[in-house]
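Trainee: These are the residues of each chain, in order.
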Amino acid sequence: GGIITQTPKFLIGQEGQKLTLKCQQNFNHDTMYWYRQDSGKGLRLIYYSITENDLQKGDLSEGYDASREKKSSFSLTVTSAQKNEMAVFLCASSLRDRNTEVFFGKGTRLTVV
Amino acid sequence: GDSVTQMQGQVTLSEDDFLFINCTYSTTWYPTLFWYVQYPGEGPQLLLKVTTANNKGISRGFEATYDKGTTSFHLQKASVQESDSAVYYCVLGDWTNAYKVIFGKGTHLHVLP
Numbered sequence: 001g002g003i004i005t006q007t008p009k010f011l012i013g014q015e016g017q018k019l020t021l022k023c024q025q026n027f028n029h030d031t032m033y034w035y036r037q038d039s040g041k042g043l044r045l046i047y048y049s050i051t052e053n054d055l056q057k058g059d060l061s062e063g064y065d066a067s068r069e070k071k072s073s074f075s076l077t078v079t080s081a082q083k084n085e086m087a088v089f090l091c092a093s094s095l096r097d098r099n100t101e102v103f104f105g106k107g108t109r110l111t112v113v
Numbered sequence: 001g002d003s004v005t006q007m008q009g010q011v012t013l014s015e016d017d018f019l020f021i022n023c024t025y026s027t028t029w030y031p032t033l034f035w036y037v038q039y040p041g042e043g044p045q046l047l048l049k050v051t052t053a054n055n056k057g058i059s060r061g062f063e064a065t066y067d068k069g070t071t072s073f074h075l076q077k078a079s080v081q082e083s084d085s086a087v088y089y090c091v092l093g094d095w096t097n098a099y100k101v102i103f104g105k106g107t108h109l110h111v112l113p
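Those sequence lines, one after another, are chains X and A. FYI, the numbering used here numbers position 90 of the first sequence as 90, with every residue one higher than the one before it. FYI, the numbering used here numbers position 83 of the second sequence as 83, with every residue one higher than the one before it.
No lab work stands behind these hints, which were simulated from the structure alone. Do not rely on the hints blindly, as some may be mistaken.
Heads up, incomplete: computed chain A residues facing chain X, CB under 10 Å, no partners named [stated by the list, open to error]:
1) Gly43
2) Lys68
3) Gly69
4) Gly93
No residue lacks a Cβ here, since even glycine has one placed at the ideal position from N, Cα and C.
One chain only, chain X, in its complex shape (with noise of 0.2 Å):
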């Protein structure tokens, strides 16, 4: 098995600040997601990248950043960060095929002061 690891686990952040949030997976999958989560409102796609050096907007790219640096990582950036902003962003990667299943990391916790 395979497993996705976020990094850090909690970031606290000043308002106006660029805040990067980081992702390493070792399955070896093709395509890597970043997703938001905030209470009540499931899961928001803001980026995904199908390969190396791709990147595809999601629904809740503005105010983010991506790079897709190598096949194994994946990060992201809150450009600007909003005061009292707290949410989940959770990393996940899957293969390039329509059934396959699509695996998480445990989160990063975003708490902006």
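Fit chain A to the known structure of chain X by using the hints.
Mentor: Just chain A now, with coordinates in the frame of chain X:
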């Protein structure tokens, strides 16, 4: 665009009650459908999946049937346990441009002992 609808935000049951979580989807073709479960402090994990080939998925006492006529994919379990308390997501696999998954808003199941 493609979408998934879960109307029940929260369900509270007692142990041994019957569980039914409603899910409908909208897409222009025949997707692969999944149910994911998320426990506190964890990322979502696959509970079961159903393709157009098999129409029904069963796992850990849960089952879901793919109904193309009503575009529904409801989750059922005959007798819930306290350990089933979690958030359940109905998920659609989208192959429109590149493979990505679309999550419903989730149903928080709380099972009373």
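Trainee: List in ascending order the numbers of the hints, as given earlier, that are violated by the structure.
Mentor: 2, 3
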